[in-house]
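Engineer: Residue numbers (my numbering): 52 to 309.
If you're looking for bench data, these hints aren't it; they were derived computationally from the structure. Quantities reported herein were computed from a predicted structural model and do not represent experimental measurements.
Listed below are the simulated DSSO-like cross-link pairs for lysine-lysine, each with C-alpha atoms no more than 30 Å apart in a straight line: (1) Lys-152 with Lys-201; (2) Lys-176 with Lys-152; (3) Lys-209 with Lys-53; (4) Lys-197 with Lys-239; (5) Lys-94 with Lys-222; (6) Lys-176 with Lys-197; (7) Lys-53 with Lys-158; (8) Lys-225 with Lys-94; (9) Lys-280 with Lys-197; (10) Lys-152 with Lys-197.
What follows is a set of in silico ranges between Cβ atoms, one per label pair, in the way DEER data are often shown: (11) Gly-202 with Gly-106: 35 to 43 Å; (12) Lys-265 with Arg-155: 34 to 42 Å; (13) Lys-290 with Gly-202: 18 to 26 Å; (14) Asn-264 with Asp-93: 19 to 27 Å; (15) Glu-220 with Glu-134: 22 to 30 Å; (16) Leu-301 with Ser-78: 44 to 52 Å.
The beta carbon of each residue, even a glycine, is placed where N, CA and C say it ideally should be.
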Amino acid sequence: MKYTIFTPTYNRENELEVLYGSLKKQSFQDFEWLIIDDGSTDKTKETVNDFIKEGNISIRYIRQNNGGKHRAFNKAIEESKGEFMVCVDSDDFLKDYALEKIDRYSKINNNVMAICFLCVDPEDKVIGSSFPKSNSTFNLIELIYKYRMKGDKLWVFKHDILKEYRFPEYKGEKFVTEGVLTLQMSLKYEVLAVNEALQVCEYRHGGLTAIGNKQLFRKNSKGAKAYYKLLLKIAPNYKYKLFYLYNYLLYSVHGRNI
Numbered sequence: 052m053k054y055t056i057f058t059p060t061y062n063r064e065n066e067l068e069v070l071y072g073s074l075k076k077q078s079f080q081d082f083e084w085l086i087i088d089d090g091s092t093d094k095t096k097e098t099v100n101d102f103i104k105e106g107n108i109s110i111r112y113i114r115q116n117n118g119g120k121h122r123a124f125n126k127a128i129e130e131s132k133g134e135f136m137v138c139v140d141s142d143d144f145l146k147d148y149a150l151e152k153i154d155r156y157s158k159i160n161n162n163v164m165a166i167c168f169l170c171v172d173p174e175d176k177v178i179g180s181s182f183p184k185s186n187s188t189f190n191l192i193e194l195i196y197k198y199r200m201k202g203d204k205l206w207v208f209k210h211d212i213l214k215e216y217r218f219p220e221y222k223g224e225k226f227v228t229e230g231v232l233t234l235q236m237s238l239k240y241e242v243l244a245v246n247e248a249l250q251v252c253e254y255r256h257g258g259l260t261a262i263g264n265k266q267l268f269r270k271n272s273k274g275a276k277a278y279y280k281l282l283l284k285i286a287p288n289y290k291y292k293l294f295y296l297y298n299y300l301l302y303s304v305h306g307r308n309i
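Generate the whole structure from the sequences, applying the supplied hints.
Structural biologist: In C-alpha cells, the structure reads:
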C-alpha cells in the first residue's frame, strides 16, 4: 500500500460525503482511507458502512472513545498500512489529481520526513503563504522563523519516520496542537516543499480551527505547556524566548489552578 489517507472525525456524517467523493475520483488508486471516529454520537458509523458497501475504495473504520484529534492521530500512526500517511480532515477534500501529483514527488531523501503542499479555500485562494521556493528542501523551523510561513498545508508524512513519534496524551485533556509533533520531528528531519495546491479546506463552525488555539489552550493547559516548552527549545532569539517563557509559565500556573 503506497498511501494511507487518514481522517479523524467527530460528528461529521454529512461532511464525509464530500471527502469520499473526492477520493473516489482520484486518478491514482493505490491507497486506503483510514477513518478514526473520535466517539461520534451522530450516524457517522452508518454513513461509513454505506461507503464500505459500495466497494469503490479500500476503507477501514476504527471507533474510539472521544479523546481529541491528537489521540486519533496517534491511533492512525499505529494502524496505517501505507508507505506515506496523509491527514485530511473530514471537512476538507482533495483535488481529483492530488494523489497522482503527490506520487511524482514520493522518491525523497532519507532526511526528509514529509512532502508539504499548499491548501486553498473553496474560492481557490491559497491559505496562508506559499513556500519561498518550490520542489526544495527546508527545515520547518527555518520556514516559520526565516520565511514567515503561515497557513495550513497538506502534509504527506513518510510513515517509517512518523512511527518514531507520537503526540503526548494527558489525562482529562483533548487537545494538543499539531506543532508539538511536526516541530519535534523537525529537530532531526526536513520537509520537501511544493507550491502546488492539492487540498481544499473549508473551516466549519465548531471545528478546531474555528475555535482557535487560545481557547483550546486554556482548556488543555498541559498540552499548551508542552507546546511552549518545545518552542523555547527552538526559539531563534531572546524576544521569542521571553514570549514563549511567559506562556509556558502562564499555562503551568493555569494547570495547577484547574
